[in-house]
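Residue numbers (numbering that gives the first Met the number 0), protein chains in the order written: chain A, 0 to 94; chain B, 0 to 187; chain C, 0 to 984.
To be clear, the hints were calculated from the coordinates, so they are not data collected in a lab. Don't take each hint at face value.
A few chain B residues that face chain C, going by a derived Cβ cut-off under 8 angstroms, partial list only [to be verified]:
| # | residue |
| --- | --- |
| 1 | 1 |
| 2 | 4 |
| 3 | 13 |
| 4 | 16 |
| 5 | 17 |
| 6 | 23 |
| 7 | 36 |
| 8 | 168 |
| 9 | 173 |
| 10 | 176 |
Note that the structure is predicted; figures quoted are calculated from it, not measured. By construction, the Cβ of each residue, glycine as well, lies at the ideal position given by its N, Cα and C atoms.
Here is what each chain is made of, one letter per residue.
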Amino acid sequence: MIINHPLLGPRDAQEFTYLGDAALIERPDWQAEDAHRQFYEYLYLRDNPAGEHRELWFHEQGDRSWLVVTRNTLTHEITHVDLARDVARAKGRSK
Amino acid sequence: MHDLVAITSLGANAARLDCVGAVTLTEVPDWALASVTARLGQEDACRVALATLLGVELPGPGGMVAGPEVSAFWTAPDQWMVEAPYEAHQDLARAVKEVMGDTASVTEQSDGWCRFDIEGEGLGAVFERLCNLDLATAAPGSASRTAIEHMGCFVLCRTAGGHISVIGPRSSAGSLHHALLTAMSSAL
Amino acid sequence: MTQSNRLTAGRIDRAQVLNFTFDGKRYQGHGGDTLASALLANGVRLMGRSFKYHRPRGVLSAGSEEPNALVELRGGARQEPNTRATTAELFDGLEAKSQNRWPSLAFDAMAINDRFSAFLTAGFYYKTFMWPAAFWEKLYEPMIRRAAGLGSISFEPDPDCYDKGFLHCDLLVIGAGPAGLSAALTAGRAGARVILADEDFLLGGRLNTETISVGEQSGGDWAGTIVAELAQMPNVRVMMRTTVIGAFDHGIYGAVERVSDHLAVPPEGKPRQILWRITSRRALLCAGAIERPIAFSDNDRPGIMLAGALRAYVNRWAVTPARDVVIFGNNDDAHRSAADLLARGVHVAAVVDIRAQAKPIADYELLAGAQVVGTQGRLGIRGVEVRLASGEIRRINCGALGVSGGWNPNVHLTCHKRGRPEWREDIAAFVPGPDGPAGLSVAGAATGLFSTASALSSGSKAAAAALRDLGIRARALPQPATEDAPVSITPFWHVAEGKGRAWLDQQNDVTVKDVKLAHQENFRSVEHLKRYTTLGMATDQGKTSNLGGLAVMAELTGQTIAKTGTTIFRPPYTPVALGVLAGRSRGKDFRPVRKTPSHKWAQEQGAVFVEVGMWLRAQWFPRPGETHWRESVDREVLATRRSVGICDVTTLGKIDVQGGDAAAFLNRIYANGFAKLAVGKVRYGLMLREDGIAMDDGTAARLAEDHFVVTTTTANAVNVYRHMEFARQCLWPDMDVQLISTTESWAQFSVAGPNSRRLLQKVVDPAFDLSNEAFPFMACGEITVCGGLRARLFRISFSGELAYEIAVPTRYGDAMIRRLMAAGEEFDVVAYGTEALGVMRIEKGHAAGNELNGTTTARNLGMAQMVSKTKDSIGSVLSEREGLSEPDTLTLVGLRPVDATQRVLAGAHLMTKGTVANAANDQGYITSAAYSPNLGHSIGLAFLRNGAARKGEVIEAVSPLTGLNVDVEVVSAHFIDPEGERLRA
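Construct all of the structure, not just a fragment, from the sequences and the given hints.
Here's what the structure looks like:
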């Protein structure tokens, strides 16, 4: 596969390491009332879509950026690639 | 002045030189490296300070520039690797940090890496056996990190197709040298 | 030897005479020959024995689709089985052997299978060898494997080397026949970066095997002209002997280039083959078409070939398998073969065409509306029986029979991404469907455009369209005048009449009757049919046989062929040598080696090395007179604890953590607190995964308010760095923290033992006070050594002794170890390796990889109190889960054998005394064990249920597998200096 890196352009998937669902960015608040339940759901309950999937890839043999890649799990078509840091900020994550 | 004697990444007292046809493979032990990463919120100040230090415009993603004394290549968002001759810049990181101040985190990288320069005609044929970079379209001044035989390396095109530096993990210098020399023998 | 069947002309180099042997017999051929063409030239029709029945078989095709003529090439370590004689390029000195026969090709004892064919029908594996079950592995399978099967291997290491490589292009053109050449020329002239790949060693495809002309030139000459022009273009790479074996995601194609297979031995340093990973922006499949046979009674005798292959041998290689030939077909193209043979002086005894309206196109006898219903000849065809339109039977003598059932577009690569071909009734063939790999288009015969003119124009048009897609200006080229015959075919798959078996798949010995049996037993889907009968399996993957098989199935089920469908083609297109998939990654080059800064010195000391991940670390340093590793290790341990020892610990991961939020960041990464760590201090840190399981441990040294150096275990260095980058970029993107690995930048040595301070004082520059007061346990600092070299000093201890780790720039690591050893001479310093390191950490009760094994929690490790509840850190919430908090959970304990002469063994499980040793009674397991030279007996670390409360209890360490059962006493994990007085000395 080829991943179109937002900064470096098309790079071979062999340079990347896969982590999983991009929902891992949305780590719950440790002080929430139901923090245990939230963390359990965060870590263990994921969708496994046949189709578009937003997922985390790490450019390990490259610039060490974490990327959010939107990939169709049926066709492997990649429609969107963002820097995970930008995605995280857009989701309101900060410090 | 201390009295310890350095050895090269390949474990010798002098740099290794190999030739295949008219292409040379040279171990380059005498360059100092330091990483410079902008502090959060200091990105612009860091760029200005680093550009002043280099004396040239900073390179963007995938690029490198050579200043009069010090050069730099892009390694990650808001991160650059600075290179300078080792003899005159043994403690490069400290010197760079003094210039950068609180605008950047600076880390000594001189001995984390080994560097091999390949020079001559036909480097395209050699590198297509080594890594998945499209060097035919790479402009001089391109700098990419990629894998060569499982080793994460920077590949720097110093001139168009005629002079390429491979900067790889120092502990694997022997394996990297073997891979480069094997590819040269195979392709040339 | 005479080449009795060699004709005139052809695209071979007669000046070049090549000697070769087949089954030990000497022959001669010419440059440009394949092994198959050279054997045919010498009158050899019998080339192999079939897989199951050991039927005599000859060559069927003239290309890589060959099912029959599989041979062993070369000898010694280079022996290669299952090579198609039709693609093996002849070279001087080639040795080839037939396979799957004993004692000889002409007399094969295993041909007895043929007599028992009634028992060896479809699914016979599943039916015949079922009972008793135990016989399968011991008797049936070995027996079948001996009897059936193909070539043999040498069992020696492959002496050749293989490369991998990476190529990039705008347009990859797959196949250099008329469509491919025309496409490459169009794209090349437009200035695009083009790769033209073809499996053959002569480019031009069918242009080299036909008598048609292109413009003013012969087809072959035209191809030569175009190839010469392409070779001149700097933007075009022409790759012959290169098979594109697979289509992968996003325009990536795999290709194998056979660099040296046409040479006796690859030149020094050069690879035999190269596996190319081609990244193309667009690709064009111009793979042509493959002729298919018709099944009829005894249609597998040597000398029975595809009609187009006969024509190819005559035209390209100037070879005929025999002087008297019969042609049998259902389409106009069969007649072309007859005409070309006649033109070369081969006697065409008859053309048998199933179509009553067929017309001759040359001076041969046409038997229209007739069918071949049988053949004669045991080791080669001698004649055919033809049922004439009149109903009479006619016998015709011949030495070869050319069969044509029509042509199948070569759609293989369009299916590699699960694309489905579509049936076209007018040409009675499957053509590429619309759902092929993105970016791949198809031209020429591969799309069902069978004439030369349509191949040329479709290739050019498709190339221009692909380039326009990329924004490259290109237009289709005007094409020279050439053959443009329409397709005329009446679909016909097998002759119903006949006494013998009608073979569909000659490689797997599958007959029409086998398909009928599969149908009868309800294995009707094409995928079931394939598995049940083995139709279309093995080295040729049914290139000539699949359609025949499924056409027969379609007849039986009453469905159309379109409805019946095909099995899925998968990579590789043709068989690939395993060596080329490995590339250079074999033997000692399997993966890179990482060497420590003291490697050279350790080598000089005669160190024994061990692989730790990619690192080579000194395991122990044998001294003269030491004959067993334990002697060396015990000495190293004792000397270190008595005086001082030095160990290279560079392999531990080091991550430089800087920034205004560096401390806050580490506070989140580690379960224990780091915010308040003073500058100049080191702290042990435990890292959890988010699920609460221990991930890694190490230390963090605070060199400045905004600067830490974190260490990781050797094994987890990469994972921890990745994890920290994830936290930095994805979880807390606005923290001011910067990370970079410095593992290799610093040569780091542990200097441990009561005399370590005195030793270091001789090396560290006098400005730095190493006294216990000035530089206490867990201090760190930047110092200089040996008169000014910058260095880092950490007072940390893995061994439990007074100990330091000292780091200098890696290039000085070699000089530093020598200096340290010299400075330590007066203290009888020893160098110690990973074994002694391990013994000492077990003696001290420090957890390592065996304990941080991906299943253990802080509580298991006895570190529950370290997990801070007053801050957010990764894993802290889920570490409190119910299931991880059971009161009798596994806890780290020490174990000592009750009988000091017995050994504690890692991996053994723990049982309460008096219970049966089974999983239900399991109380835990031993993670690490060693002989402690200080205690004089074996010791171990273990996870034991409720371990903290069981000190003093005697339990059993068992290994039912090896019969081990040792009584062990539960003790503290800290065997040495439990109060930690030595550390702080």
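Hint check, residue 168 of chain B versus chain C [nearest Cβ-Cβ separation less than 8 angstroms]: Check passed: Cβ of residue 168 of chain B comes within 6 angstroms of chain C, closer than 8 angstroms.
Hint status (Cβ of residue 36 of chain B to nearest Cβ of chain C, threshold 8 angstroms): It holds, given that the least Cβ distance between residue 36 of chain B and chain C is near 4 angstroms, below 8 angstroms.
Interface hint for residue 13 of chain B, Cβ within 8 angstroms of any Cβ on chain C: 13 angstroms, violated
Residue 16 of chain B as chain C interface residue, shortest Cβ-Cβ below 8 angstroms: Status violated, d = 18 angstroms.
Evaluation of the interface hint that places residue 173 of chain B against chain C, nearest CB under 8 angstroms: 6 angstroms, holds
Chain C contact restraint on residue 1 of chain B - CB to CB distance below 8 angstroms: The hint holds - residue 1 of chain B has a Cβ within 8 angstroms of chain C, the shortest such distance being about 4 angstroms.
Interface restraint verdict for residue 176 of chain B against chain C (beta-carbon cut-off 8 angstroms): 11 angstroms, violated
Proposed interface contact between residue 4 of chain B and chain C, which counts if any beta carbon pair is under 8 angstroms: 5 angstroms, holds
Interface hint status, residue 17 of chain B versus chain C (Cβ within 8 angstroms): Since the shortest Cβ distance to chain C is 13 angstroms, the answer is violated.
Hint check: 8 angstroms Cβ-Cβ cutoff, residue 23 of chain B to chain C: 17 angstroms, violated
Of the numbered hints given earlier, the model fails hints 3, 4, 5, 6 and 10; all others are met.
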